[in-house]
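Colleague: Kindly produce the complete structure, drawing on both the sequences and the hints.
So the protein lines, in turn, are chains A and B. Per our numbering, residue 1 is the first one in the first sequence, and the count goes up by one each step. Per our numbering, residue 1001 is the first one in the second sequence, and the count goes up by one each step.
Honestly, the hints are just simulated from the structure, not real lab data. Careful, some of the hints might be misleading.
As the list claims (entries may be wrong) - If you want the ones that stay clear, here's a sample from chain B, every Cβ over 10 Å from chain A, calculated: (1) 1030; (2) 1050; (3) 1052; (4) 1067; (5) 1077; (6) 1087; (7) 1098; (8) 1172; (9) 1174; (10) 1182; (11) 1183; (12) 1185; (13) 1186; (14) 1187; (15) 1202.
As the list claims (entries may be wrong) - The calculated DSBU-like cross-link candidates involving lysine-lysine, where the alpha carbons are at most 35 Å apart (straight line), are: (16) B:1126 to A:82; (17) B:1048 to A:82; (18) B:1030 to B:1126; (19) A:45 to B:1030; (20) B:1126 to A:158; (21) B:1048 to A:111; (22) A:95 to B:1068; (23) A:45 to A:111; (24) A:158 to A:111; (25) A:102 to B:1030; (26) A:95 to B:1198; (27) B:1048 to A:123; (28) B:1198 to A:158; (29) A:82 to B:1030; (30) A:123 to A:45; (31) A:123 to B:1126; (32) A:123 to A:82; (33) A:111 to B:1021; (34) B:1048 to B:1021; (35) B:1068 to A:111.
Ideal placement from N, C-alpha and C gives every residue a C-beta, glycine not left out.
Chain by chain, the residues run as shown.
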Amino acid sequence: MNGVHDMGGMQDMGPVQAEPNEPVFHATWEARAFALNMASGAWRKWNIDAGRHEIELLPPVDYLRMSYYEKWTARLEELLVKAGLVTREEIASGKPAPGSPKATPPLTADKVPFVLRSGAAAKRDVPAAPRFHAGQRVRTRNMHPAGHTRLPRYARGKVGTVDRDHGIYVFPDTNAHFFGEKPQHVYSVRFAARELWGDQASPRDAVYIDLWDDYLEPA
Amino acid sequence: MGDHHEHEHQAVPSDPALCVKALESLLVEKGLVDPAALDALIDIYENKVGPRNGARVVARAWVDPAYKQRLLLDATAAIAELGYGGRQGEHMVVVENTPAIHNLVVCTLCSCYPWSVLGLPPVWYKSAPYRSRAVIDPRGVLCEFGLELSEETEVRVWDSTAELRYLVLPERPAGTESLSEEELAALVTRDAMIGVAKVAAPRRAAA
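Modeller: Have a look at this one:
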């Protein structure tokens, strides 16, 4: 989706403002919003790609205006409703619908360290032949899917060189929409900065982008 | 039940603090989340997982050439040797700064970040200015962080578009030969491991 989230190469967003000695969370509600997202994810009603796409679906003006954890909160409400875990009426009222059953949370405090330590690997141990190899020149496809994709707009239709093959990973473009994992090779592809940005870029610099087989064709 | 009708006419709270509070109480009341699990999650990211983890990895690589080799070859396994891994660090890549090459990490599409070694990302890393400009004007961004690189240095920007998570191995500063691994780790900053800074030498070298 050609949304505002796809920010690489945009200009006029202002200077980077670093905050010295920044706390992990700036307010209690940020910490709670973070933890609510993590704990709700334990229902496994959605995956990381669907979660990312839900943020991309926020109205563009909201996306630019909202802070990070405001976006996480808005995204969580949408995911919960779409998963059928809560209704919009319940979110509006803040109360469970009359007579609705009480569930048992899948993530309890005692399980938290183990769940975080285990992580959620996106690498898959399934056979999939690589279409490219390190050192090969490739061109990214000029594609503009209306759904989720991880091929940034600034890198479409560009020629680069495969730096390394990372192995076989879940494909976000299908997984985000629950169309299956479609595991395939991911490569780190090196693009000369001038290939992406023209003569204004340094002749020495490069951008490395992790790209799936389906994004690439031989160059 | 009886007051349901009244609530229909209430404005949805727009204050994020109220929104989150209402959402938490709803999810707890429905048995969807355990409030003690929320406390445990917050405690881990506020107090246990942070840039100190990454700093220990860097210091070990500086003092142990065999470890550094393993780290550059299979970062996930080498980082696990020190006990770090898991969520948002499942698939790690370490990129090494040298006098000729400077690495910088960004996520232009969202805010991907190696939580297991750096903790949760700072606001600037998630902000539009950084995400938009790190790829098109990395040298300008680095200048804003006070890091001016020579024309001769090659800048490599790593856009975290997949599930690989990147950690920069900064250059060991000169004059630190006598420091212990622990003292070296204390010099390593989060910003140096993202690539927006270098590791500075200790302010007072031994007299």
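Colleague: With reference to the structure, classify each hint as holding or not holding.
Modeller: Verification of the hints:
Residue placement check: residue 1030 (chain B) does not keep its beta carbon more than 10 Å from all beta carbons of chain A (closest about 5 Å). With a closest Cβ-Cβ approach of about 7 Å to chain A, residue 1050 (chain B) is found to fall inside the 10 Å limit, against its non-interface label. Residue 1052 (chain B), annotated as away from the interface, keeps every beta carbon of chain A farther than 10 Å; the closest lies near 13 Å. Residue placement check: residue 1067 (chain B) keeps its beta carbon more than 10 Å from all beta carbons of chain A (closest about 21 Å).
For residue 1077 (chain B), the condition that its CB be more than 10 Å from all CB atoms of chain A holds, with the nearest at approximately 13 Å. Distance check on residue 1087 (chain B): its Cβ comes as close as 5 Å (rounded) to a Cβ of chain A, failing to clear the 10 Å threshold; non-interface status is violated. Under the 10 Å C-beta cut-off, the non-interface status given to residue 1098 (chain B) relative to chain A holds; the minimum distance is some 13 Å. No Cβ of chain A comes within 10 Å of the Cβ of residue 1172 (chain B); the nearest lies about 23 Å off, and the non-interface call holds.
For residue 1174 (chain B), the non-interface assignment is confirmed: its Cβ lies about 24 Å from the closest Cβ of chain A, beyond the 10 Å cut-off. Distance check for residue 1182 (chain B) against chain A: the nearest CB is about 22 Å away, which clears 10 Å, and the non-interface claim stands. With 10 Å as the threshold on Cβ separation, the claim that residue 1183 (chain B) sits away from chain A holds: the shortest Cβ distance comes to roughly 21 Å. The Cβ of residue 1185 (chain B) lies farther than 10 Å from every Cβ of chain A, with a closest approach of about 19 Å, so its non-interface assignment holds.
At the 10 Å boundary, the C-beta of residue 1186 (chain B) stays outside the reach of chain A, the nearest C-beta of that chain being 16 Å off. At roughly 17 Å from the closest C-beta of chain A, the C-beta of residue 1187 (chain B) stays outside 10 Å, upholding its exclusion from the interface. With a minimum CB-CB distance of about 19 Å to chain A, residue 1202 (chain B) clears the 10 Å threshold, and the non-interface call stands. Pair hint residue 1126 (chain B) plus residue 82 (chain A) holds up; C-alpha atoms about 26 Å apart against a cutoff of 35 Å.
At roughly 33 Å between alpha-carbon atoms, residue 1048 (chain B) and residue 82 (chain A) fall within 35 Å of each other, so this suggested pair holds. Using a Cα cut-off of 35 Å, the hinted pair residue 1030 (chain B) and residue 1126 (chain B) holds, with the two alpha carbons roughly 32 Å apart. For the proposed pair residue 45 (chain A) and residue 1030 (chain B), the alpha carbon gap of about 16 Å is at most 35 Å, so the pair holds. The hinted pair formed by residue 1126 (chain B) and residue 158 (chain A) meets the criterion: a straight-line CA distance of about 26 Å does not exceed 35 Å.
Straight-line distance between C-alpha atoms of residue 1048 (chain B) and residue 111 (chain A) comes to about 16 Å, which keeps the hinted pair within the 35 Å bound. In summary, the hint linking residue 95 (chain A) to residue 1068 (chain B) is not supported, as the alpha carbons are separated by about 54 Å, beyond the 35 Å threshold. Distance check on the hinted pair: residue 45 (chain A) and residue 111 (chain A) sit about 19 Å apart at the alpha-carbon level, within 35 Å; holds. With a C-alpha separation of about 45 Å, the suggested pairing of residue 158 (chain A) with residue 111 (chain A) is violated against the 35 Å cut-off.
Using a Cα cut-off of 35 Å, the hinted pair residue 102 (chain A) and residue 1030 (chain B) holds, with the two alpha carbons roughly 5 Å apart. Distance hint between residue 95 (chain A) and residue 1198 (chain B) is unfulfilled; the C-alpha atoms sit about 51 Å from each other, more than 35 Å. For the hint pairing residue 1048 (chain B) with residue 123 (chain A), the CA-to-CA distance comes to about 26 Å; that is within 35 Å, so the pair holds. For the hint linking residue 1198 (chain B) to residue 158 (chain A), the alpha-carbon distance of about 31 Å falls within 35 Å, and the restraint holds.
Proximity of residue 82 (chain A) to residue 1030 (chain B) is assessed by CA-CA distance (about 16 Å); at most 35 Å being required, the pair is judged to hold. Taking the CA atoms of residue 123 (chain A) and residue 45 (chain A), the gap is near 20 Å; set against the 35 Å cutoff, the hint holds. Among the hinted pairs, residue 123 (chain A) with residue 1126 (chain B) is consistent with the structure: their alpha-carbon atoms are about 25 Å apart, no more than 35 Å. At roughly 27 Å between alpha-carbon atoms, residue 123 (chain A) and residue 82 (chain A) fall within 35 Å of each other, so this suggested pair holds.
With a C-alpha separation of about 23 Å, the suggested pair residue 111 (chain A) and residue 1021 (chain B) falls inside the 35 Å cut-off, and the hint holds. With a CA separation close to 25 Å, the supplied pair residue 1048 (chain B) and residue 1021 (chain B) stays within the 35 Å bound. Distance hint between residue 1068 (chain B) and residue 111 (chain A) is fulfilled; the C-alpha atoms sit about 33 Å from each other, no more than 35 Å.
Figure legend: structure checked against the earlier numbered hints; hints not met, in rising order: 1, 2, 6, 22, 24, 26.
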